[in-house]
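S.K.: From first to last, the protein sequence lines are chains A and B.
Residues in the first sequence are numbered consecutively from 31, following the numbering used here.
Residues in the second sequence are numbered consecutively from 2, following the numbering used here.
One or more hints might be untrue.
Simulated restraints, written as ranges between beta carbons of each label pair [said to hold, decoys possible]: (1) Pro-63(A) to Leu-242(B): 36 to 42 Å; (2) Ser-60(A) to Gly-72(B): 55 to 61 Å; (3) Leu-118(B) to Pro-63(A): 56 to 62 Å; (4) Arg-92(B) to Pro-63(A): 45 to 51 Å; (5) Glu-212(B) to Leu-296(A): 38 to 44 Å; (6) Gln-85(B) to Asp-322(A): 22 to 28 Å; (7) Lys-11(B) to His-58(A): 30 to 36 Å.
Computed footprint of chain B on chain A, listed as stretches where at least three residues anywhere in the stretch have a Cβ under 8 Å from a Cβ of chain B [what the hints assert, rightly or not]: (8) 44 to 55; (9) 59 to 71; (10) 367 to 381.
Hint data in this document are derived by calculation from the structure and do not stem from the laboratory.
Positions of the beta carbon are idealized from the N, C-alpha and C atoms, including for glycine.
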Amino acid sequence: MKNHLSTGKVKNNKHRQFLSLVKKEFSHISRDPKTLIILLGMPIVQIIIFGFALTNEVKNARIGVFDQAQDASTQALISQIEASQYFEIFRHFNSYPEIEQEFKKGTIKIALVLPQNFATDLQHFNKAQVQLIADASDPNVANTLINYASAVILDFQDRTTANNGLPYTIHTETRMLYNPQLQGTYSFVPGVMVMVLMLVCTMMTAITIVREKELGTMEILLVSPLQPLKIIVAKAVPYLLLSMLNIASILLLSVFVLQVPINGSLLLLLAASILFTITSLSLGLLISTVTDSQQTAMFISLTGLFLPTVMLSGFMFPIENMPLPLQVISNLVPAKWFYSIVKTVMIKGAGWAIIWREVLVLTAMTLLFLGLSIKNFKIRLA
Amino acid sequence: MRTLQFLLRKEFRQIFRNKSILRIIFVMPLMQLLVLPWAADYEMKNIRLTVVDHDHSVSSQKLISKINSSGYFLLYAYTPSYQQAMATLDRDQADLILEIPVDFERNIIKENESTALIAVNAINGMKAGLGNAYLQSVIRDFNNQVRTEWIQPTRFSPQQVMEVTTSNWYNPLQKYKDFMVPGILVVLVTMVGSFLASLNIVKEKEIGTIEQMNVTPVKKYHFILAKLIPFWVLGLFVLSLGLLIAWAFYGIVPVGNLLVLYTYAAVYLLAVLGLGLLLSTYSENQQQAMLLSFFLIMVFILMSGLYTSIESMPLWAQYLTKINPVSYFIQVIRMVILKGSGLADISQQLFITVGFALLLNAWAVVNYKKRS
Chain A
31 MKNHLSTGKV KNNKHRQFLS LVKKEFSHIS RDPKTLIILL GMPIVQIIIF
81 GFALTNEVKN ARIGVFDQAQ DASTQALISQ IEASQYFEIF RHFNSYPEIE
131 QEFKKGTIKI ALVLPQNFAT DLQHFNKAQV QLIADASDPN VANTLINYAS
181 AVILDFQDRT TANNGLPYTI HTETRMLYNP QLQGTYSFVP GVMVMVLMLV
231 CTMMTAITIV REKELGTMEI LLVSPLQPLK IIVAKAVPYL LLSMLNIASI
281 LLLSVFVLQV PINGSLLLLL AASILFTITS LSLGLLISTV TDSQQTAMFI
331 SLTGLFLPTV MLSGFMFPIE NMPLPLQVIS NLVPAKWFYS IVKTVMIKGA
381 GWAIIWREVL VLTAMTLLFL GLSIKNFKIR LA
Chain B
2 MRTLQFLLRK EFRQIFRNKS ILRIIFVMPL MQLLVLPWAA DYEMKNIRLT
52 VVDHDHSVSS QKLISKINSS GYFLLYAYTP SYQQAMATLD RDQADLILEI
102 PVDFERNIIK ENESTALIAV NAINGMKAGL GNAYLQSVIR DFNNQVRTEW
152 IQPTRFSPQQ VMEVTTSNWY NPLQKYKDFM VPGILVVLVT MVGSFLASLN
202 IVKEKEIGTI EQMNVTPVKK YHFILAKLIP FWVLGLFVLS LGLLIAWAFY
252 GIVPVGNLLV LYTYAAVYLL AVLGLGLLLS TYSENQQQAM LLSFFLIMVF
302 ILMSGLYTSI ESMPLWAQYL TKINPVSYFI QVIRMVILKG SGLADISQQL
352 FITVGFALLL NAWAVVNYKK RS
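Could you build all of it, start to finish, from the sequences and the hints given here?
M.R.: Structure follows, in structure tokens:
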């Protein structure tokens with residue numbers, strides 16, 4: 031009985047030690063209001079800016095026109111192009127070198143060239159040439175613009191020429207699922223959420239331990255009776271609470287400002303977000319234990335994580351298009367798994383049955399990062 | 002001048018003494034330059050398709066094999082019902098569903114028309130639009146094939162066609178890497194320059210050595226120049242290494258004049274370093290400096306036109322890119338490397354960047370004086 035009581039006391043004591051360490055970390059953060067404001071305000075500003083501004087849609091692309099015919103039929107085609115929301119006529123050319131000049135200045139992305147005998151060719155030979163020249167130094171924009179311009183031209187052709195009522199026609203009916211209005215925000219907002227959470231969370235903890243090392247206060251912590259695990263967790267707890275505030279503000283902004291709905295379970299989305307935050311915080315802790323100066327830790331967490339997160343998480347570039355080795359590497363990026371979860375739960379409205387694999391991977395990653403941090407930490411102890 | 006020399010020697014020595022950061026400065030960006038451009042491919046290929054064929058006719062089989070051999074599509078599965086097809090979309094195993102109705106073939110013959118249903122995962126609007134357009138064009142082709150097969154040529158008057166030919170200038174093979182490598186290089190140079198500069202100065206503040214500098218007879222501009230020059234040199238060095246990698250691993254040979262590129266880069270780095278300097282005058286510790294520069298750099302990079310084109314942004318965002326130094330370097334490096342634009346073509350960007358460099362550095366110096 032007596033024995034039992036005393037271990038209880040020790041446990042209680044240890045508990046209190048842990049709590050006071052957490053309290054200490056909290057006061058560290060609250061004593062620096064400037065940092066706190068940055069940490070809480072940054073995600074809000076980023077979500078708003080990126081949520082509205084990042085999109086793959088092409089609108090109002092500047093097009094140059096070299097119309098060698100200048101008759102009624104070419105004028106009609108040109109005004110058709112102008113009327114579409116994709117294009118904005120920038121200027122008219124009189125020669126090919128003029129087109130080249132404008133391309134080199136980067137003012138136009140695409141040029142439309144109509145030959146001299148456009149109308150007569152169409153009437154007499156049933157075939158007229160339209161040339162599209164794209165500035166393919168940006169292949170993505172070039173491709174998209176050529177597709178759009180071709181569609182406008184095809185549409186114009188169908189309406190002006192006698193092509194209606196052809197026999198044996200296969201019609202198609204298209205349903206755009208999950209995002210019928212084809213809003214760019216539906217794919218970009220989840221991506222931005224993932225990116226902002228990942229980077230902010232990792233950075234928050236990346237310097238916590240290494241700062242103590244650099245300032246020399248680490249030695250004091252190391253001689254305390256606390257276990258490494260508890261020291262590490264105590265460092266992460268305040269940042270976890272901060273991150274939860276960030277999750278809340280990000281989700282509120284997505285729904286109410288950027289108009290991206292949460293179609294699935296909010297609870298599941300929140301739980302997954304917290305899990306992902308913990309993954310990122312653990313990664314930050316790991317970086318903190320393996321580096322020896324704040325500068326190095328920050329540089330690794332920024333330069334090392336920013337581009338890979340953007341490029342390999344699947345939100346900018348489809349992973350299935352990547353060469354196989356990169357598809358394999360993308361599995362190492364935690365953001366890839368969370369992006370899939372956010373898309374599935376938030377937009378598709380699907381549930382646990384579909385995302386359990388991703389959750390499992392994130393959990394495994396978290397345990398790995400934490401385990402490695404503790405191991406590294408212990409080495410320092412010796 | 003001699004003071005500056007001594008200070009420079011000290012700064013360089015400090016940089017080279019810290020082997021780990023030095024290694025990170027060079028190894029990490031260059032590794033990324035080797036790996037990441039391979040990921041940047043918007044080109045639509047291997048669009049995964051689930052087919053629900055209720056008709057099982059010769060025509061539907063022919064249509065499916067036509068789609069299959071078009072090169073754009075990868076047949077993921079045949080499912081007996083639309084529900085099961087939806088499950089493949091939900092699980093992200095397929096991007097598109099093609100549902101061919103019962104009596105598809107019969108309706109083409111008897112009713113002269115038939116309708117196939119296409120369902121697209123439209124979360125990514127652009128991808129959905131292109132995938133749908135490709136599938137439609139394959140079906141249109143198939144349709145023309147059917148007509149020419151079934152109709153006597155004489156009975157069928159040829160339709161008027163506007164034949165669209167396209168040329169892709171500057172990058173006829175549409176190589177995405179030629180486009181991305183220079184862009185990524187800009188990002189790396191920017192990050193190295195601005196982060197290092199802002200962290201370096203604020204570190205002296207945090208440790209307290211800046212007080213010591215302030216009481217020495219060293220002039221402010223000496224101190225600042227001594228901080229800027231080493232990172233300016235490092236930045237240009239990273240750029241050169243990056244260009245070498247672009248040539249050796251990606252076969253990218255600048256069409257334009259390298260001198261033009263370096264002239265611009267030299268000015269650009271001054272602007273970016275000025276930004277780092279400015280941020281460090283506003284922060285009290287390294288954490289703040291890092292968070293601030295991270296915030297700005299992330300906004301600058303994602304809004305630079307590197308990934309998404311500036312024209313497609315809303316108007317306010319397009320104005321925002323006008324005060325974004327990174328967007329000018331992205332334009333310039335692509336123009337010089339891919340299109341061979343000369344000094345005259347980039348003069349506007351160059352002048353604006355000179356403006357940035359002057360403004361940011363002046364602001365930083367003024368703000369720095371106030372603090373001492």
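S.K.: State for each hint whether it applies.
M.R.: Structure-based check of each hint:
{"no.": "1", "hint": "Pro-63(A) to Leu-242(B): 36 to 42 Å", "verdict": "holds (41 Å)"}
{"no.": "2", "hint": "Ser-60(A) to Gly-72(B): 55 to 61 Å", "verdict": "holds (60 Å)"}
{"no.": "3", "hint": "Leu-118(B) to Pro-63(A): 56 to 62 Å", "verdict": "holds (58 Å)"}
{"no.": "4", "hint": "Arg-92(B) to Pro-63(A): 45 to 51 Å", "verdict": "holds (46 Å)"}
{"no.": "5", "hint": "Glu-212(B) to Leu-296(A): 38 to 44 Å", "verdict": "violated (52 Å)"}
{"no.": "6", "hint": "Gln-85(B) to Asp-322(A): 22 to 28 Å", "verdict": "violated (56 Å)"}
{"no.": "7", "hint": "Lys-11(B) to His-58(A): 30 to 36 Å", "verdict": "holds (32 Å)"}
{"no.": "8", "hint": "44 to 55", "verdict": "violated (count 0)"}
{"no.": "9", "hint": "59 to 71", "verdict": "holds (count 5)"}
{"no.": "10", "hint": "367 to 381", "verdict": "holds (count 6)"}
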